[in-house]
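Chemist: Assemble the complex: chain A is given as a structure, and chain B must be docked to it using the hints.
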Amino acid sequence: MEKKEEVLRIENLHISFKTTAGTVKAVRGVNLTVNRGETVAIVGESGSGKSVSAKAVMGILAKNGVIDQGRVTLSYYRSPQEKVTREILEMKKEEIRRHVNGKRIAMVFQDPMTSLNPLIPVGRQIMEGMIWHYNTPKEEAQKKALELMELVGITDAEKRMKNYPHQLSGGMRQRIVIAIALACDPDLLICDEPTTALDVTIQSRILELIQKIQKERDLSVIYITHDLGVVAKVADRVNVMYAGKIVETGTVNDVFYDPRHPYTWGLLSAMPDLGTNDERLYTIPGSPPNLLHEVTGDAFAPRNKYALKIDSRLEPPMFRISDTHQAATWLLHPDAPHVELPPELRDRIERMKKEAGYHESE
Amino acid sequence: MSQNKNSETAPLLEVKGLRQHFAVSRKFTVKAVEDVSFYINPGETYGLVGESGSGKTTIGRSIIRLYDPTSGEIHFDGNDISGRMDKKTKDDLRVNMQMIFQDPMACLNPRQKVADIIAQGLDIHHRYQSQKERTEMVAEILHKVGLSAEHANRYPHQFSGGQRQRVGIARALVMNPKLIIADECISALDMSIQAQVVNLMKDIQDETGLAYLFIAHDLSMVKYISDRIGVLHLGHLLETGTTEEIFSHPVHPYTRSLISAIPNPNPVLEKSRVALQYDYKTSGLDYDAGTLHLIGGTHYVRGTDADLERWV
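Protein sequence lines correspond, in order, to chains A and B.
Note that this note's numbering has the first sequence beginning at 163, numbered continuously upward.
Note that this note's numbering has the second sequence beginning at -9, numbered continuously upward.
Note that these hints are calculated values from the structure, not bench results.
Glycine is no exception: its CB is placed at the ideal position from the N, C-alpha and C atoms.
Just a few of them, taken from the derived set where beta-carbon distance is under 8 Å, the chain A residues facing chain B: (1) Thr363; (2) Leu390; (3) Gly391; (4) Tyr444; (5) Met514.
Chain A extracted, bound-state conformation (with noise of 0.2 Å):
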């Protein structure tokens, strides 16, 4: 944790969109940076706004889609010396598609079934963004999209370069569409829920490769999941959302071994525990606010059994903890009760900073 250089900062960014029911607003100030070589992930249940963020980043959201207020910063070297700091909203589709995605920003996206084209042979798809963005010759992206099929770990290369989509497994397909992301030398990766379509046993080679890539290239990378064991195993910091809003924001270890908002405490609760015999998984009650209507106050406070009065009425504010470590919960007040955790976390708390020899100081 040297020198910190940011790579993308989001600053305050609202999207709402217009549907036949009424608007719907999907994210209400997010703020956000990555910095370079570091893994950010954004956790939350769908509907929370994790997807649409991204995608505002990529400029493509959905036709209804409009973008309210906010400002999204991306720097990137354009040669060793030349550093570049662009205002994404500000620049227009054909310029982001020119020189943002796939050669800046590239994502993976959640179903590799739907995300690679099932007319053209894997290998030309690799090679596509390369001749697109950098005019290389035919002969030099051939050898490139060999190397990162090797890379991503594809064994008989030179063949998988022909076979069609349909041809691979999920796993595999997977690694293509990764293997598609890395082509153009991006400064960032944006994961969007990279493995939920795939079994356990491949979520965790896809996790370990890309985070073998990130360290040999010094990339910054995006999670988008519902999976705090995804997190725990690839996150540097976590942000928790809930109802287009970030409502923790900190370290890994903040978030898992200090969690200070409810909604934290919810979703930790709600993980099966292998350690433990309990008969009954904790639920949070209820369901996530529909965004078709006005949010007054605190939209986590009808699912809270912790809520205060004040939840009713006005939004809390990000309430600082430590240098890393942020929340809005009105808890977090000083004239807010003291709210001691759940017990049944408090315990798996305790129990999972034992495990891991893991003390305050560090």
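Modeler: Structure of chain B alone, referenced to chain A:
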């Protein structure tokens, strides 16, 4: 919890040497399920785990007779249901065995009201005397799965994913089945909703004493809900036993790799964890040559004698 109370009674479902092959062309046959045997006691939850393509869904579908098994025997509630069934056996099967499907968006007819979706089984099997009774039965089942009677007149698209899965469960429950096949019924849901549905399924089991065949690829959820577990790979049942036996003493290398791949939500440990690798092609194992060996209790492992010596 149910081993002791059921040790004397006969199993509710018994599958012996089930094979399910699909002929793709004259030359090529997909052997989806090969020689699988297991049983489920009344009131018990049996978890089937395995990666995609391991045949777990096929087994579920063969048991409920959406497919005709190639060979093998399936006994359910005292009847043989593997071959041609007479009308009474068939009716019994259709009432006493129900299924919950994976995708709550796709398994409900979008043009039918929830009341009609749930009552379809009641309609077919003439389980009510009057419309009033039908409405009452639907309302009661909706209440049981945590929805309210007003929901009966809505259409599936008016529900969230978790609620739709509850409708799917209500549809299975309304016939008072003895066995429910839950095919990846929580995979499509968010984590906080997954826990709600799993708890609901457990509560209903405690109340009505039905049995589940719980098919999933998420081992941590399977551990929570199952009394016994079977591990499938490439159509073969590699290891079966109580949850305790499988998780504390996994014997087969595939089971070990599966268990090692479960993410541990503990960042310090998880960062340094490397999952065991298992590849059938390079493992030198031949599933077809192996037979089931008893390890102890109800714990069986598939392998040749030589394999077993190495593992134990």
